[in-house]
Amino acid sequence: MTDRNGLGVAWCAIAIVALLSSGCSSQPPTTTTTTQATEVKQPTLQTFDPPPLEKLLADHQWIERPVVDSLKLRREFEKDKKPLVSVAEALAMKNDSDKANEKIVGTLGLLPKDDSAVDFDASIVRRLQQEPKSLNPILTSSMSETEINNLTAFGLFSFDWQLNPFASWDTVKSWKASDDNLVDIVVMRDDLTWSDGKPITAHDVVYSFQTIMDPNIDVPAQRSGTDKIRWVHAYDNHTVAFFHKEPLVTNVWNVNFAVIPKHVYEPHRRSDPKLERDLDIDKQVVGGAYGFASRTRGQELVLQRRESYYRHNGKQVRDKPYFQEIRFKIMPDPNTSMLELQRGGIAEAELSPGQWQEQTNDAGFYQHNTKVRGSEWTFFYFGWNFNTPYFSDLKVRQAMSYAFHHDEMLKVHCYGLFEPCTGIFHPESWMMASQPKRPPQKQDLDKAEDLLDAAGWEFDPSLGVRAKTIGGKKVPFKFTMLVRNSADRVAICELLKQNLQSIGVEVSIAALETATLQQRLQSKQFEANFGGWGTGADPDTSENIWGSNQERNWGGYSNPKVDQLFADGRKENDRQKRGAIYAEIDRLTYDDQVYTFLYYQPSLYAFSKDMRGYMFSPRGPFHYGPGFSAIWQAAQ
Amino acid sequence: MVALVTIVLLFLVALCSPAIVGTKPIVCNYKGNLYFPCLGYFNPKWENPIFIKDKFRGVYPRSLKQKDAESWAVWPLVYQDPYRRVKADEWHGVPSSREMLDNPVQNHGKPSAHNFFGTTPYGVDVFAGMVHGTRIAVLVGFVSMGIASFIGITIGALAGYFRGWIDVVLSRLIEVVMCIPTLVLILALISVIAEPTVWHLMAIIGVTSWTSIARLTRAEFLKLREMDYVAAARALGASHVRIIFIHVLRNALAPVLVPISFGVAAAILIESALSFLGFGAPPPNPSWGNLLHLGQDHILGKMWWLVLFPGLGIFLTVLCYNLVGEGLQEATDPRLRQAGK
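These protein sequences, in sequence, are chains A and B.
Numbering of the first sequence is given in my numbering, commencing with residue 2 and proceeding in unit increments.
Numbering of the second sequence is given in my numbering, commencing with residue 729 and proceeding in unit increments.
FYI, nobody ran anything at the bench for these hints, they're computed from the structure.
Honestly, I wouldn't trust all of these hints.
[Claimed, not checked] Here are a few chain B residues that face chain A, going by a calculated C-beta distance under 10 Å:
no.: 1; residue: 776
no.: 2; residue: 783
no.: 3; residue: 784
no.: 4; residue: 787
no.: 5; residue: 811
no.: 6; residue: 912
no.: 7; residue: 916
no.: 8; residue: 919
no.: 9; residue: 925
no.: 10; residue: 1011
[Unchecked claim] Within a straight-line C-alpha distance of at most 35 Å, the following computed DSBU-like cross-link-like pairs (lysine-lysine) qualify:
no.: 11; chain 1: B; residue 1: 793; chain 2: B; residue 2: 783
no.: 12; chain 1: B; residue 1: 783; chain 2: A; residue 2: 469
no.: 13; chain 1: B; residue 1: 1030; chain 2: A; residue 2: 443
no.: 14; chain 1: B; residue 1: 838; chain 2: B; residue 2: 815
no.: 15; chain 1: A; residue 1: 316; chain 2: A; residue 2: 177
no.: 16; chain 1: A; residue 1: 448; chain 2: A; residue 2: 438
no.: 17; chain 1: A; residue 1: 73; chain 2: A; residue 2: 610
no.: 18; chain 1: A; residue 1: 475; chain 2: B; residue 2: 781
no.: 19; chain 1: A; residue 1: 330; chain 2: A; residue 2: 275
no.: 20; chain 1: A; residue 1: 474; chain 2: B; residue 2: 759
no.: 21; chain 1: A; residue 1: 474; chain 2: B; residue 2: 773
no.: 22; chain 1: A; residue 1: 479; chain 2: B; residue 2: 759
no.: 23; chain 1: A; residue 1: 525; chain 2: B; residue 2: 783
no.: 24; chain 1: B; residue 1: 815; chain 2: A; residue 2: 469
no.: 25; chain 1: A; residue 1: 448; chain 2: B; residue 2: 795
no.: 26; chain 1: A; residue 1: 448; chain 2: B; residue 2: 759
no.: 27; chain 1: B; residue 1: 759; chain 2: B; residue 2: 783
no.: 28; chain 1: A; residue 1: 469; chain 2: B; residue 2: 793
no.: 29; chain 1: B; residue 1: 838; chain 2: A; residue 2: 443
no.: 30; chain 1: A; residue 1: 82; chain 2: A; residue 2: 321
no.: 31; chain 1: A; residue 1: 229; chain 2: A; residue 2: 562
no.: 32; chain 1: A; residue 1: 321; chain 2: A; residue 2: 263
no.: 33; chain 1: A; residue 1: 100; chain 2: B; residue 2: 838
no.: 34; chain 1: B; residue 1: 838; chain 2: A; residue 2: 412
no.: 35; chain 1: A; residue 1: 229; chain 2: A; residue 2: 578
no.: 36; chain 1: A; residue 1: 474; chain 2: A; residue 2: 448
no.: 37; chain 1: A; residue 1: 396; chain 2: B; residue 2: 781
no.: 38; chain 1: A; residue 1: 578; chain 2: A; residue 2: 82
no.: 39; chain 1: B; residue 1: 838; chain 2: A; residue 2: 396
no.: 40; chain 1: B; residue 1: 773; chain 2: A; residue 2: 479
Heads up, the beta-carbon is just placed ideally off N, CA and C, and yes, glycines get one too.
Build the full structure now, drawing on both the sequences and the hints.
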């Protein structure tokens, strides 16, 4: 799951990244804080002696796993699709209804008929929310870094827009798993080169795994997942085996990590063992489709297409990336990005609902751009800290949900663009496919008051608020709601404050900047918070939010049944049965009212009229395979 | 003179804000008792708890009639609220009810007969926000300058009266504090406080803006301590404290009022700037700077009223304080007075 608390793309934000798309992938930390403290000192890897390849191959039955060319997959998916309108019509349309949106995405979102339609010399300017902290793909932690690594980093695995995992045809020749699901063997292609001309080999994969697991290095996100791998071994330059600790379904995700060049980082780490310094931009060596050309800190980062990526020994061996150059401009302010869009200065930007509804309807916007939207499995919530006298009680949490004016929020604050959220998993996801749709929560102040009374929080005229006697002391019902200091989010908390005030509960709102907010949540120094979660590629990645004592379970929710179900879910191979397990987790967390669920936030994007090929996944238009690799600029 | 009148007016607006705009009655008779729910705008505790207990849910017009048909109430001049969106149905079932509409939201909230200065994107009335915002503006000006004057006058008086090493130390202290960029220091201090309130803000502005007051007081004391009447007082055996506060300070105070009056204007500007940057009083906070901040977020949505009215409010207030300061300067500076003649 992606944390949606942090630094925002216009309206909302992502701080910790879950997964990348075509190139490589990372998953959020799943380690508990308690074990992490000890982890730092002890080496996490225990040496493992892999058997010889012949013996390994003979000992098991082997199941072939999919190796997929994600662009080809897209082409096949689109094969029978006819554009709903002509390109000219789609470009002239205003996106003012679901129908219009369908027509625009269905026409402009298609891949090119053939290469002559593509302007391969195109340079695209994209917006970056903030300066990337590190360009090293294994140190990825923010949305900006993900965007960059998507294009530059090398990886063996990816997943499609329905979040099905596969090995990437661009890098892998074959992938098979042992019948006991404890070993994966991947044969890499032999036409892979780093941007400095050296070949990419299985030894780089082994080295990357060992670097990620090195306890001396502060790896923010990638270690979760890889920590479930026992060992990675290179049998030769192209054959690499992943040995797992347990036969988990999620092993297909655990092997998905970024690969860094051994011949660059090995010498570098002699002077910088903790990887605290980033390599200079001209010393960066990458294995992805684009390489680093230049960087002006605080302003822009320029990537260039790598000829050695798609050509090998004078022959084209992979799809030619669609852009000659990608310029990332660093633009924290959404107003600036809006003005740049109108000027034709940037080719794409995520929009806030306000921008979608108010600032992108006039000819000024449509002169250079069009806008599109798609559903995304990202939800927002009020989180309650279970370790407080108030929210340890289910009745109180239910009362909070009843007290909030959901309809007002959806209509006013969300501009009528968002769907109400009814649980931790999206109703369109495969986990919830067979479940009846839960009706959205409605405000009912009488019920909220009854619940509070029943929980012992009765109105105390002398205090002016509700209070309860706990351990002989009268505790007034006053709590602080933490929220990131953006006006739209604060306004939603103000609505809650108004609602609760009218039933005798006092809320103060602390609007904090991202770093402070993160720190307060992580140290569990809070009573309630407003935040959001994006989806991971697999529901198992959300264990670290709802499992007992898990790292991002800030509210301290603990339900042994949920823990058990997460453990079961990892081991269940049948997708339908697995889905039922996660649906049960969804039901339990909903019945426990872990959160007051608020709304799902869809992807809202503006694209320049020259751009084509965008398609939405539950993780937005870019973060899957092919994702951004499918975006192309039409030849004039 | 006009400036002085405007400031007095501002005070009155701040004091009477709940009576000018609000959704809580100024006075009401409910179940045989008199209540003043509008005081809740000053302090939520002053709003009688009976209204929460009786499930008024923050909506008075409808609830009053429903719960007690005999009740009566005197309403503020304008029925709008600085904290929440006012809805049409709040007057439902009240005989002879006023014509009401739901407050418009998003960018539909242009100034109108219902919302004089328009509404915010969330449907909160800007006029109500402005009127209640004067409280913060006035408070910030006075409290922070109160603190600043206290520190400034004390330090200036000590430095000027005792001279010698005390003067050297205090003067250096003044210089050091002057060197620190105020806004940066304030931002740093606010980030240290876990949950800053408007009172913290005032205190911080106060403790960082006393230097000009201190310098002027010191200069006045240096001059006045040599006067004959001070020597006379000393000869009579008056204590230092008595001489400083009874004899010298009274004579030094007139010119010191000038930087104080300018300081009030500066404090209001700083508070607006902080709110504008999103570091102001905690939400919901109907301060002028906060409204401006909203305006900046929505400037491309063509919501000009969110910028114009709070901007004008800040501009006029600061201008008035500066004019008053200038007036004081003219009145206390004999050279200027002579030049005027």
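Going down the list of hints, with the structure as the test:
| no. | hint | verdict |
| --- | --- | --- |
| 1 | 776 | holds (9 Å) |
| 2 | 783 | holds (7 Å) |
| 3 | 784 | holds (7 Å) |
| 4 | 787 | holds (8 Å) |
| 5 | 811 | holds (7 Å) |
| 6 | 912 | violated (15 Å) |
| 7 | 916 | violated (13 Å) |
| 8 | 919 | holds (7 Å) |
| 9 | 925 | holds (9 Å) |
| 10 | 1011 | holds (5 Å) |
| 11 | B:793 x B:783 | holds (13 Å) |
| 12 | B:783 x A:469 | holds (19 Å) |
| 13 | B:1030 x A:443 | holds (33 Å) |
| 14 | B:838 x B:815 | holds (16 Å) |
| 15 | A:316 x A:177 | holds (28 Å) |
| 16 | A:448 x A:438 | holds (23 Å) |
| 17 | A:73 x A:610 | holds (24 Å) |
| 18 | A:475 x B:781 | holds (18 Å) |
| 19 | A:330 x A:275 | holds (29 Å) |
| 20 | A:474 x B:759 | holds (33 Å) |
| 21 | A:474 x B:773 | holds (21 Å) |
| 22 | A:479 x B:759 | holds (29 Å) |
| 23 | A:525 x B:783 | holds (34 Å) |
| 24 | B:815 x A:469 | holds (33 Å) |
| 25 | A:448 x B:795 | holds (19 Å) |
| 26 | A:448 x B:759 | holds (26 Å) |
| 27 | B:759 x B:783 | holds (14 Å) |
| 28 | A:469 x B:793 | holds (31 Å) |
| 29 | B:838 x A:443 | holds (30 Å) |
| 30 | A:82 x A:321 | holds (24 Å) |
| 31 | A:229 x A:562 | holds (22 Å) |
| 32 | A:321 x A:263 | holds (26 Å) |
| 33 | A:100 x B:838 | holds (30 Å) |
| 34 | B:838 x A:412 | holds (18 Å) |
| 35 | A:229 x A:578 | holds (23 Å) |
| 36 | A:474 x A:448 | holds (27 Å) |
| 37 | A:396 x B:781 | holds (20 Å) |
| 38 | A:578 x A:82 | holds (32 Å) |
| 39 | B:838 x A:396 | violated (42 Å) |
| 40 | B:773 x A:479 | holds (13 Å) |
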